Every structure is written in structure tokens, then in C-alpha cells.
Amino acid sequence: MKILSKPEELILLAVFSLKDNAYGVTIRNYIITKTGVDWTIGAVYVPLNRLARDGYLETTIGEPTPERGGKRKKFYSLTHRGMKALAFTKRINDSMWSRLSAMDQAALTDKG
Amino acid sequence: MRTPPRFSEWILYHLLEKEEREFIIGDLREIYGQVWFSSGNLKAKIWYWGQIIRSIRPFLFNFIYWRISMFTNYLKLAVRYMKRHWGYSLINILGLSIGMACCILIFLWVQHELSYDRFHEKADDLYIITVTSDSRTWTSSPWALVPTLKNDFPEILKGSWYGVIPLLARYENKSFFEDVALVGAEFLDMFTFPFVKGSPEYAFKDLNSVVLTERTAARYFGNEDPIGKVIQFENQVDLTVIGVIEDVPSNSHMEFDLLVSAIPIIGEPRTRTWSMDVSSYVLLPSETDPVEVENKISETIIKYDKRTNNKYYVGLFPVKKIHLYSFYGTDPIVYVYIFSLIAVIVLLIACINFMNLTTARSTIRINEIGIRKVCGGDRKDLIKQFLGESIGLALVALIGAVVLVYFLLPGFNSLAAKQLEFDILNNGTLLAGLVLLAVFVGFIAGSYPALYFSSFQPDRVLKNTLQTGSRRSGLRKALIVAQFTASILLIIATATIYKQIQYIRNKDLGFNKDQILVVRARQQLRANYSIIKERLLANPDVLHVSAASSIPLSIGNNNPVYWEGRDSNSYVRMNFVCVDYDYFETFDMGMSYGRSFSREYPTDQENYIINEAALKLTGYEDPIGKMFSMWKNEGTIVGVVKDFHGTSLHNDIRPIVFLMYQNLPYSNWFIKINGSRIAESINFVKKTIAAVVPGYPVEPEFLDEQFQRQYINEDRLGKILMCYTGLAIFISCLGLFGLAAFMAARRSREIAIRKVLGASIGSVMKILSREFIVLIVLANIIAWPLGLFVMSRWMRNFSYHTSIGLGVFIAAGTVALAIALLTVSYQTFRAATANPADRLRNE
Numbered sequence: 290m291k292i293l294s295k296p297e298e299l300i301l302l303a304v305f306s307l308k309d310n311a312y313g314v315t316i317r318n319y320i321i322t323k324t325g326v327d328w329t330i331g332a333v334y335v336p337l338n339r340l341a342r343d344g345y346l347e348t349t350i351g352e353p354t355p356e357r358g359g360k361r362k363k364f365y366s367l368t369h370r371g372m373k374a375l376a377f378t379k380r381i382n383d384s385m386w387s388r389l390s391a392m393d394q395a396a397l398t399d400k401g
Numbered sequence: 005m006r007t008p009p010r011f012s013e014w015i016l017y018h019l020l021e022k023e024e025r026e027f028i029i030g031d032l033r034e035i036y037g038q039v040w041f042s043s044g045n046l047k048a049k050i051w052y053w054g055q056i057i058r059s060i061r062p063f064l065f066n067f068i069y070w071r072i073s074m075f076t077n078y079l080k081l082a083v084r085y086m087k088r089h090w091g092y093s094l095i096n097i098l099g100l101s102i103g104m105a106c107c108i109l110i111f112l113w114v115q116h117e118l119s120y121d122r123f124h125e126k127a128d129d130l131y132i133i134t135v136t137s138d139s140r141t142w143t144s145s146p147w148a149l150v151p152t153l154k155n156d157f158p159e160i161l162k163g164s165w166y167g168v169i170p171l172l173a174r175y176e177n178k179s180f181f182e183d184v185a186l187v188g189a190e191f192l193d194m195f196t197f198p199f200v201k202g203s204p205e206y207a208f209k210d211l212n213s214v215v216l217t218e219r220t221a222a223r224y225f226g227n228e229d230p231i232g233k234v235i236q237f238e239n240q241v242d243l244t245v246i247g248v249i250e251d252v253p254s255n256s257h258m259e260f261d262l263l264v265s266a267i268p269i270i271g272e273p274r275t276r277t278w279s280m281d282v283s284s285y286v287l288l289p290s291e292t293d294p295v296e297v298e299n300k301i302s303e304t305i306i307k308y309d310k311r312t313n314n315k316y317y318v319g320l321f322p323v324k325k326i327h328l329y330s331f332y333g334t335d336p337i338v339y340v341y342i343f344s345l346i347a348v349i350v351l352l353i354a355c356i357n358f359m360n361l362t363t364a365r366s367t368i369r370i371n372e373i374g375i376r377k378v379c380g381g382d383r384k385d386l387i388k389q390f391l392g393e394s395i396g397l398a399l400v401a402l403i404g405a406v407v408l409v410y411f412l413l414p415g416f417n418s419l420a421a422k423q424l425e426f427d428i429l430n431n432g433t434l435l436a437g438l439v440l441l442a443v444f445v446g447f448i449a450g451s452y453p454a455l456y457f458s459s460f461q462p463d464r465v466l467k468n469t470l471q472t473g474s475r476r477s478g479l480r481k482a483l484i485v486a487q488f489t490a491s492i493l494l495i496i497a498t499a500t501i502y503k504q505i506q507y508i509r510n511k512d513l514g515f516n517k518d519q520i521l522v523v524r525a526r527q528q529l530r531a532n533y534s535i536i537k538e539r540l541l542a543n544p545d546v547l548h549v550s551a552a553s554s555i556p557l558s559i560g561n562n563n564p565v566y567w568e569g570r571d572s573n574s575y576v577r578m579n580f581v582c583v584d585y586d587y588f589e590t591f592d593m594g595m596s597y598g599r600s601f602s603r604e605y606p607t608d609q610e611n612y613i614i615n616e617a618a619l620k621l622t623g624y625e626d627p628i629g630k631m632f633s634m635w636k637n638e639g640t641i642v643g644v645v646k647d648f649h650g651t652s653l654h655n656d657i658r659p660i661v662f663l664m665y666q667n668l669p670y671s672n673w674f675i676k677i678n679g680s681r682i683a684e685s686i687n688f689v690k691k692t693i694a695a696v697v698p699g700y701p702v703e704p705e706f707l708d709e710q711f712q713r714q715y716i717n718e719d720r721l722g723k724i725l726m727c728y729t730g731l732a733i734f735i736s737c738l739g740l741f742g743l744a745a746f747m748a749a750r751r752s753r754e755i756a757i758r759k760v761l762g763a764s765i766g767s768v769m770k771i772l773s774r775e776f777i778v779l780i781v782l783a784n785i786i787a788w789p790l791g792l793f794v795m796s797r798w799m800r801n802f803s804y805h806t807s808i809g810l811g812v813f814i815a816a817g818t819v820a821l822a823i824a825l826l827t828v829s830y831q832t833f834r835a836a837t838a839n840p841a842d843r844l845r846n847e
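As given, the protein sequences belong to chains A and B, one line each in that order.
Heads up, our numbering is the position in the first sequence plus 289, with the first residue counted as 1.
Heads up, our numbering is the position in the second sequence plus 4, with the first residue counted as 1.
Read the hints as simulated data drawn from the structure, not as lab findings.
As the structure is a prediction and not an experimental result, all values here were calculated from the model.
Among these hints, one or two may not hold up.
As the list claims (entries may be wrong) - Listed next, the in silico DSBU-like pairs over lysine-lysine satisfying Cα-Cα at most 35 Å (straight line):
#1 B:Lys481 - B:Lys22
#2 B:Lys49 - A:Lys323
#3 B:Lys481 - A:Lys308
#4 B:Lys87 - A:Lys373
#5 A:Lys323 - B:Lys384
#6 A:Lys291 - B:Lys22
#7 B:Lys87 - A:Lys295
#8 A:Lys360 - B:Lys481
#9 B:Lys87 - B:Lys481
Said to hold, decoys possible - Here's a subset of chain A near chain B, in silico, CB distances under 8 Å, partners left out:
#10 Phe305
#11 Gly313
#12 Lys323
#13 Ile330
C-beta: ideal position from N, C-alpha, C; glycine also.
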């Protein structure tokens, strides 16, 4: 299985936790809040589309709203493949983090 | 306002994949609204712009990535189809290659024709002097004209004579006849002939200078430095080489081996005369209007030359136009148009081929098109895909065409009598032009298939209910008809031109042109004419010897004439020839009244013989012994010669006067020989003349050859047309071959069932061929009236022409039909002999 890039991982996590309200604006806001970094639209949408195209995400089209200038929303949700990819990434992360000794982890926490 | 800046949104719109546009732009508007509420209008705008600018890079990469992956997909499928159906693809590309190669060849030729005399830096301001009288215009003008014009009119910046005569040139022991251009002092200031050695500043200011072309210099001096060497002309005049110029380019109407000042050759007094036997060129300031100057100088000859009452008007004609326009007869530019048209026709036939084969194979690609449409490819994408594919194929065909041109160019050059070069690597415009041509051809040829394919309904395609059969093949049939109409037209044109050329060759000219040697007699020979004639006649192989001022193929000089009873106020000019005794006998010209000139009548020196056309003009009932005069010498008519064609058959027979005028040297000698030992006779003539006047070798030519040369344009047109007709038919047949294969495949089930039910091979072939026969017959019906119209227009060029005749049309139609059937027969035979079980097994 392919290892996800960090933006991909973050986007999948955002979609996963936003549940039914995962569309472009909320996904971007969620990531910005959680990371504290301003993500440009390009930085969000390009990987988002790629994930959708590669079958990690599926989309449903919502209703147009006036604040969007009459444009519709595209909602994202995780596919089975997306879930598997997230689980795989988490396993790798966990196993790599767990390899660090308690002292190392404490040192990292101090830096943060 | 709560909408984002329009321009930045426009940028975003075009960066995004079209499926994503709506959602992403919508999302951004939503965020924009939030920012607007919290931070105000200006900040929101700045924020939006910041977002766009920072997002350009990722979006752009995304955009390019998808373009490339779609392109590789298109390419992959196109290559796959080409591989699987390589036969069709080859036919398709080959047809286009041939069509393009034809176009390139013609293009090179046209480019060369149009480039004539444009290499002179001052080409736009150079004019040749014309002289008009009696509504006839020619380019010979008086020697005294250029100096007079320069003297009288300040608008004439520079002027020069230009006349080419063959002169014997000698350096040490090397001597050759050279085409020597007699020019004035300012010639090289007007015309651009770049110097390789020496400098133009000194040329012809010193009258005793000569300028050689590189080729001529090599002939005399090899690797030596020619500057300062002395060349002797006509064993009399010594001139010093002061420069060497590049060889005269092939697109120059002037052709010469070397340039000399006119004065030392012909003598200064002659350059002050008003006899019209040189060409004159002038340079005008670029800002002046040539018409204005023309009006001013128009009456110069009338003002100074008081010898005749003739009104000679001086005119100007642009040097750039000399090659492509003539003062009478067909302008050569017509041939440029004709050949261009032919090239376009052949290219169109190739394009039609492409359309036909591509659309005929639509069933093969129908699934791909259906899937593409279902997956969201819209019509525009499909049009782009198929246009791109055909442009790509056209570019591949272009490579084939370039290779073809390299192979065909030598043959084409000898056909067209040109030295065209095809140097695409060093000719940027040509290369760009070729690529443009390929793109254009690909666009034209691909447009119909693209529109056709993209119109398929995906559901019907995938459910296999789409009709691609006979209902949709109407246009394909129309295209086949168009192709064959063009081919038949070309056959008709070729056949008619050949028939006319044949007619000209075999036409009874009214005199016998066979086995007559023509010797152009030079000044020094003419004085010895009588002695040479006597010696020539001593040989039993020499039947007659005579001489005249012009050869019977181009009797063009004319003079005012007078006869008893003519209205003295009217003014009649007739063509005339000064002839020696035995003239009519040499050419086997028959007399309808009276006798030919004879030594038994000493007064014949003042007598006249006229032709029947002239007799008609005089109105004499009994012409013999009647008074006639020309140049105010009164004499009597002693004979009337039967009409013969004294000029090319483009023209009517004009009235001609024959007179003996011993003081006027005859420049053309005619020697009628017995045809049994031609080579020996020619040698004998050469030796005899050389024995009497050493140092002036002659090159006798057959009158017959000169006769053929008159029709060189028609001959060339015929040959080129024949090649192009062949190619056009070949390309058409390629298309037909492919189409026949396709049709046979489409009807394979029908054929199999027919055969099972007992149809014979012959009857199946008949059924399959019938469709094509109908098409070819239709093409004939269209092509015949068109051909009749075009060719009768062309025939009007000739005063004497053959009839076009039904035979040509029937032959053209039959040939087209036969070739088409032969092409189709391979496919029909294969279809008819196939085992029906193979086809029906899978039903």
C-alpha cells in the first residue's frame, strides 16, 4: 500500500472527523485551525482532488446556497480504501513513534 | 460587493479542471464572504488575490499533469490503432504524403517563378523601356533613347542599354562563343550583381573593361587571377577584365556570360542612332509615380527621330514583372495559376482520401468514443482528440513528403527546366511553411471525421444500435465522386493538351521544315555568303541553300506598304522577309500565282512576292505585274506564295511581303540537306564555313528543333499535367482500395449468405462492384461538361487547334472506370472467394 503524504494524511483525517459536513471550506478551516498554518486553496484542493480521483474519497454534490454565489458544494467522505489507507498510515506512525524511548519522547515534548 | 475580484476569479476558472470549477469557486466565495464580514472589503480582496497567487503553482502543475496524461492516452490509443490496422494507416499516410509532395514541388516552382528579378536591391524602381506603335508593344528601343532621356528628364536617375549578342572571345589559346551583354556605364549601379573580385566602382567608367561571371572566368583562367587580363573579342577588340561577379541567378530574366561596355563593340556612332535593336532600362526615384514619368517621356522618339511618320510611344514596364507578363499572348503567370490549382486539387484529393478512410473505419473506434463520452469527455474533447490525431498523422505524412520530394526533385527539375533546390534545413520560412501546410492539411482532412465521430450518441454506440452503414455513407460516396471527378478532369486536360501538341506537330505548315539546317550568320560570315553557298552546293547531299532576314517560324518585322489603288490616307503595315534566291524552293513553298525570284530576271532585285493573305488585302484580281512598294521602292509583284504559318500556331496567318534586298545582309542561312547522312552533312557545313572564314565557328541547328521550341510551354504543361494526373489517380485509387475493403467487410455476412444460397463468385463480385460503377459514372457526368468548358477556354489560345472530340471524354471515363474496377476487384474477389462457413460460424 502506498504511503500517504502528510497533506493527504491531514486531509483524510479532516474529512474523517468532519463526518457529514466535509467540503472544501470546512476541510481547509479544520486543517488551518489544527495546524495553525495558513493553507492556500491550492495546497488543499490539489491533494483533495487527487485523493478523490485515486479512490480514497467519494463525493456527493450538495445544494447551491446564496453565500456561494449560487454554486453547489461538493461533500467528501472516506471510502473503504481511504479508511484502509488511514489505518495503514496510523500503524506506521504509531510503530515509528513507539520505537522512540521515553526519554526521547520527553525531549520532543519539551521542544513543542 | 461581496463577490471576489472578477479578474482573479477568471484566472482561477481557467486553471481549474472543468469538473472542479463550480465547487472550488463556490467554496472560495463562501470563505471570501466570511473574510469580508470580519475584515472589510479591501482586506478581503487582498486576501483573495494572495490565495490565487500562492495557488497558481500547485494548480498549474495539476493542470499540466492532466493535459499530459490525457495526451499520452490519446497517443497510446492512436498508435495502437495504427499498429493493428497498419495497412489502412499506411494507405492514409502515403496518400497524404504524395499529395503534400506534389504541393511542395509546385510550391517550389511557384516560389521560383515569383522571385524573378527581385534580388536586385532597387528592383522596385527599375523599369524596362517599351515602345508602342500601332497598338503593338515591344521592348526593343533605340540606342539614342537612354542618353536622351537622361539628358531631358531629371526623373530618370540612371539608365543603361542591355543587349545580348553572341561574340567570339579569346584569351591566349582558349576561345569560346559567349553570350555577351552590351551595357551602359551605369548598368551595375542599377542592377545588383555582387562582385567576387574587383569592385563595381570602376566597372564601365573605363570603356575598355569587361566583367566576367564566375563560371566564365573559370573557363578562361581556371585558378588564375583574372583581374587585369586581356580578352580579345571577335579577333578585333581587346578588353581588360576588371571584375568577376557571381553567376547570374536562375531567377533573373537577364542571362549572360559576361558584361562589356557597348561602345567598344558596336562603335560610338551607332549608340547615337535611333535604330531599335537594344533593350533599355532606367531607374526612377522610388517616390515618383511611373505613370507620370511615362506621360512625360512618351513622345521622346517622335520628337527626335524624324525619319518616319510612325508614331512610336515610349513607355515603362516594371522589371519585376518582365518574367511573368508578356505584351501579347498568354501571360506566363497563367501557368503559375494553373499549376497552383493542380497542386491544390491533388492535395484536396489526398485530404478527401483521408476523410474517407478515417470515417469508413469509424466502427473500429466506436467503442472508444462511447467510453470516452460516458466517462465525461464532451464533444469538444473528442473533436480536439481527432483533430489532433489527424494533424499528427499529417506531420508524419510531411516527413514522408519531404523524403519523396528529395527523390522526385531531379526529375521534376528536368520536366520544368529549372534548377530548384529543396534545402529545408537552411530555409526557415520553407520549414515553417511546410509545418503550417501539414497542420492545415491535418485540420482540413481531420475536420469531418472529428465532427462525425464526436456526434455519436454514447448509449446507442454502446448498445450497438448505431447505424454506421449505408445510411451514413452518403457523404463518403460524394467524396469518392469528387475525387474521381477531379481525376477525370485531369485526364481530359492531359489528353486534350497532348492532342493539341500532336496536332501542332503534324499540322501542315504550308512549308517543309524537315532536314533544314539553320545557321545564324555572324557579321563576318555574311560578306562571304555567295562563296560559301557555292561550295556547299558542290556537295550532292546539300539540296538547296538560301538565306533570309528571319526564319519562317518568327516572321515579325513589319513595314508600311503601298500598292496601286490603295487609299492613300490609310496606313497599312505588312510583315516582310528579305530573302535570297531559292528561298521558296528550299522550303517547298508552293506558288499560287506567278513564279519565285529568279536569276534570269535581273530586275527581281526590285520585285516583290506576297502571300495569299497579303493578296486578299490588296484586292488584286490578277496580281502578277501589279505595282507594289515598301520603303518607297516601287516594284512589281512577280508571284504569290501559298499561305504558310510564318509564326507559331497561336496566331493567325498574317500578310507577308518577300523581297530581295541584296544590301541587307541575311542573318539566317538555310541549308536543305538529304536526310540520309545527317551527321556528315552537319560536319561538312561546319568545315566549309570554317575554311572560308576561319575563326568564326558556327553551330547549325535544325529548323524542326526550333519549331518544337515554340511550344515548349504547352509541352511542359502537358508533361507535368500527366505526372500529376497519374498521382491524382493513384491517390484516388488508394482511397477506393481502402473503402472497398471496408465495404466488403461490412457486407461479409450478406455475401456469405448469398454464397450459401448458391451465388457464384462472379455474381457476388458484380454486386459489390456495382456500387462503385455508379459512383464513377456519376463522376463522369460531372467531369465532362466541366472539362469541355475548361479545355475549350484553353484551346482559344491557339488560332489553329484541333477539336476536343468525344473520344477524349470516352477515353477518360473508360480509363477511370477501368482503374477503379481493377482497384476494387482485389477486394471484391477476396470477399467473394472467402469461405462462407468462416463468416457464419460465429453467428
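Inset, instruction - Given the hint that Lys481 (chain B) pairs with Lys308 (chain A), test it: the Cα-Cα distance must not exceed 35 Å. - result: 61 Å, violated
Legend entry - Restraint status (C-alpha distance of Lys49 (chain B) to Lys323 (chain A) at most 35 Å): Since the Cα atoms of Lys49 (chain B) and Lys323 (chain A) sit roughly 25 Å apart, the hinted pair holds (cutoff 35 Å).
Legend entry - Proposed proximity, Lys295 (chain A) with Lys87 (chain B) (alpha carbon, max 35 Å): 43 Å, violated
Inset, instruction - Could you grab the alpha-carbon distance between Lys291 (chain A) and Lys22 (chain B) and see if it respects the 35 Å cut-off? - result: 28 Å, holds
Legend entry - Per-residue hint verdict: Phe305 (chain A), partner chain B, C-beta under 8 Å: 19 Å, violated
Inset, instruction - Hold the hint about Lys323 (chain A) up to the distance rule: shortest CB distance to chain B must be less than 8 Å. - result: 17 Å, violated
Legend entry - Restraint outcome when Ile330 (chain A) is required to lie within 8 Å of chain B by C-beta distance: 5 Å, holds
Legend entry - Distance restraint between Lys323 (chain A) and Lys384 (chain B), which requires alpha-carbon spacing of 35 Å or less: 43 Å, violated
Inset, instruction - Take a quick look at whether Lys87 (chain B) and Lys373 (chain A) sit within 35 Å of each other, Cα to Cα. - result: 41 Å, violated
Inset, instruction - Quickly compare the C-alpha distance for Lys87 (chain B) and Lys481 (chain B) to 35 Å and report which way the hint goes. - result: 27 Å, holds
Legend entry - Hint consistency between Lys481 (chain B) and Lys22 (chain B) [alpha-carbon to alpha-carbon, up to 35 Å]: 39 Å, violated
Legend entry - Restraint satisfaction for Gly313 (chain A) [CB to CB of chain B, less than 8 Å]: 3 Å, holds
Against the hints set out earlier in the document, violations occur for numbers 1, 3, 4, 5, 7, 8, 10, 12.
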